Amino acid sequence: MSVHRVFQALRIVTVAALVSVAALPTAADAQTPESRVVIQVSDADPGKWNLALNNAKNLQTDLGAKNVDIEIVAYGPGIGMLKADSVVGNRITEALGAGVKVIACDNQMRGQKLEMPDMLNGIGYVPAGVVEIMRRQQEHWAYLRP
Amino acid sequence: MSVHRVFQALRIVTVAALVSVAALPTAADAQTPESRVVIQVSDADPGKWNLALNNAKNLQTDLGAKNVDIEIVAYGPGIGMLKADSVVGNRITEALGAGVKVIACDNQMRGQKLEMPDMLNGIGYVPAGVVEIMRRQQEHWAYLRP
Amino acid sequence: MSVHRVFQALRIVTVAALVSVAALPTAADAQTPESRVVIQVSDADPGKWNLALNNAKNLQTDLGAKNVDIEIVAYGPGIGMLKADSVVGNRITEALGAGVKVIACDNQMRGQKLEMPDMLNGIGYVPAGVVEIMRRQQEHWAYLRP
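Protein chains in written order, with this note's numbering: chain A, 144 to 289; chain B, 144 to 289; chain C, 144 to 289.
Worth flagging that the hints you see were computed from the coordinates, not collected in a lab. These figures come from a predicted structure and were not determined experimentally. Just to be clear, a hint being listed does not mean it is correct.
Since copy identity is lost for identical chains, a pair holds within one copy or between any two.
Below 20 angstroms or equal to it, Euclidean Cα-Cα: the simulated DMTMM-like pairs (lysine to aspartate or glutamate) are [stated by the list, open to error]: (1) Lys200 <-> Glu258; (2) Lys256 <-> Asp205; (3) Lys200 <-> Glu177; (4) Lys200 <-> Asp249; (5) Lys244 <-> Glu214; (6) Lys244 <-> Glu177; (7) Lys209 <-> Glu237; (8) Lys226 <-> Glu237; (9) Lys256 <-> Glu282; (10) Lys226 <-> Asp212; (11) Lys226 <-> Asp249.
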């Protein structure tokens with residue numbers, strides 16, 4: 144084998160090493176995440192419900208609705224926000240239409256003997272609101288508690 | 144030295160480079176943390192105290208108590224939750240028994256001239272509740288503010 | 144070319160690979176961030192305004208003012224905290240003097256027809272408070288909602 148071929152082999156090793164390094168998910172990626180926000184609603188207070196919906200709207204207006212994922216999670220005393228007779232029912236429907244995910248906590252619904260027909264159309268459900276909020280933070284979503 | 148030995152050296156370099164890369168803590172690790180949640184209590188409101196305790200219980204029920212680390216930090220007006228005469232005293236004892244850490248803020252205790260004998264048994268103490276909550280987030284704990 | 148020069152080339156490749164690896168921002172960096180905290184104020188409640196200011200002060204006292212970056216963001220019903228006639232005006236001035244950043248949300252100001260002359264001196268402004276709070280979390284600031 145010639146020295147020329149040794150150098151060819153060397154070049155392959157170098158490129159392979161650099162490609163491996165480039166393919167690593169690095170903290171640099173973590174520093175430039177997409178915009179993703181989980182908004183917690185845990186108060187039985189329509190003022191807070193409206194504030195949560197304002198927050199979602201402002202995020203979409205400022206960043207562009209396509210550039211931000213928003214998930215509102217209602218649990219505990221906040222579950223009333225998502226009942227069929229909620230005073231913010233129209234705004235929830237509007238938010239869903241604008242691409243905001245709106246999620247109710249099954250735990251809390253069972254506690255209040257609420258079934259899906261008692262709730263607004265189009266919302267989602269999770270077994271436990273607090274677990275959902277924790278998971279979203281683990282996935283690097285920002286957390287907002289109005 | 145033969146070309147054969149050059150290739151042997153090359154192989155060692157390659158393996159060393161790949162091992163270095165593999166040993167790096169990467170963002171991939173950060174994306175799969177254990178379940179760890181710090182719960183803030185900063186309201187003088189027994190409704191919030193109960194909600195914080197419900198949140199801890201739901202996290203343990205849903206994930207299994209062994210699979211989630213939970214720390215409740217009471218500070219500011221929330222310190223009353225951990226006084227010996229707290230209306231949620233029994234629930235705190237139960238939570239401690241279930242492996243939840245419960246922490247009082249020394250700063251706030253000094254401000255209210257509270258000493259350790261004024262507080263519930265089994266709880267922990269930190270110099271400043273807000274510093275504890277910040278540190279936990281730095282360590283990638285999720286944050287929950289009921 | 145001699146085998147000696149091949150080894151010289153090998154050494155250069157190795158060093159280059161190790162330098163590349165060392166220069167990567169890794170999750171290890173993310174695990175030891177500086178102390179940076181964004182504090183949200185979204186209640187029209189002077190008790191919460193004082194608690195937010197206490198939190199900032201305690202962070203500075205405990206960690207040393209030079210060792211922690213603190214940003215208070217007031218938005219929604221919390222904007223009153225930063226009006227020129229705010230009941231905590233003196234404390235805001237004091238916090239600014241101690242190096243705390245204090246930020247008002249333009250969105251909310253427009254909603255209440257507030258202009259900069261209506262606000263306390265020395266504060267900063269952002270187009271949307273919620274976007275600022277999201278961005279800070281993306282940059283690994285801890286989040287505190289008193």
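Now the hints, each set against the structure:
{"no.": "1", "hint": "Lys200 <-> Glu258", "in the structure": "neither (28 angstroms within a copy, 22 angstroms between copies)"}
{"no.": "2", "hint": "Lys256 <-> Asp205", "in the structure": "between (39 angstroms within a copy, 19 angstroms between copies)"}
{"no.": "3", "hint": "Lys200 <-> Glu177", "in the structure": "within (17 angstroms within a copy, 32 angstroms between copies)"}
{"no.": "4", "hint": "Lys200 <-> Asp249", "in the structure": "between (26 angstroms within a copy, 15 angstroms between copies)"}
{"no.": "5", "hint": "Lys244 <-> Glu214", "in the structure": "within (5 angstroms within a copy, 29 angstroms between copies)"}
{"no.": "6", "hint": "Lys244 <-> Glu177", "in the structure": "within (16 angstroms within a copy, 25 angstroms between copies)"}
{"no.": "7", "hint": "Lys209 <-> Glu237", "in the structure": "within (16 angstroms within a copy, 41 angstroms between copies)"}
{"no.": "8", "hint": "Lys226 <-> Glu237", "in the structure": "within (15 angstroms within a copy, 32 angstroms between copies)"}
{"no.": "9", "hint": "Lys256 <-> Glu282", "in the structure": "neither (31 angstroms within a copy, 38 angstroms between copies)"}
{"no.": "10", "hint": "Lys226 <-> Asp212", "in the structure": "neither (23 angstroms within a copy, 32 angstroms between copies)"}
{"no.": "11", "hint": "Lys226 <-> Asp249", "in the structure": "within (13 angstroms within a copy, 33 angstroms between copies)"}
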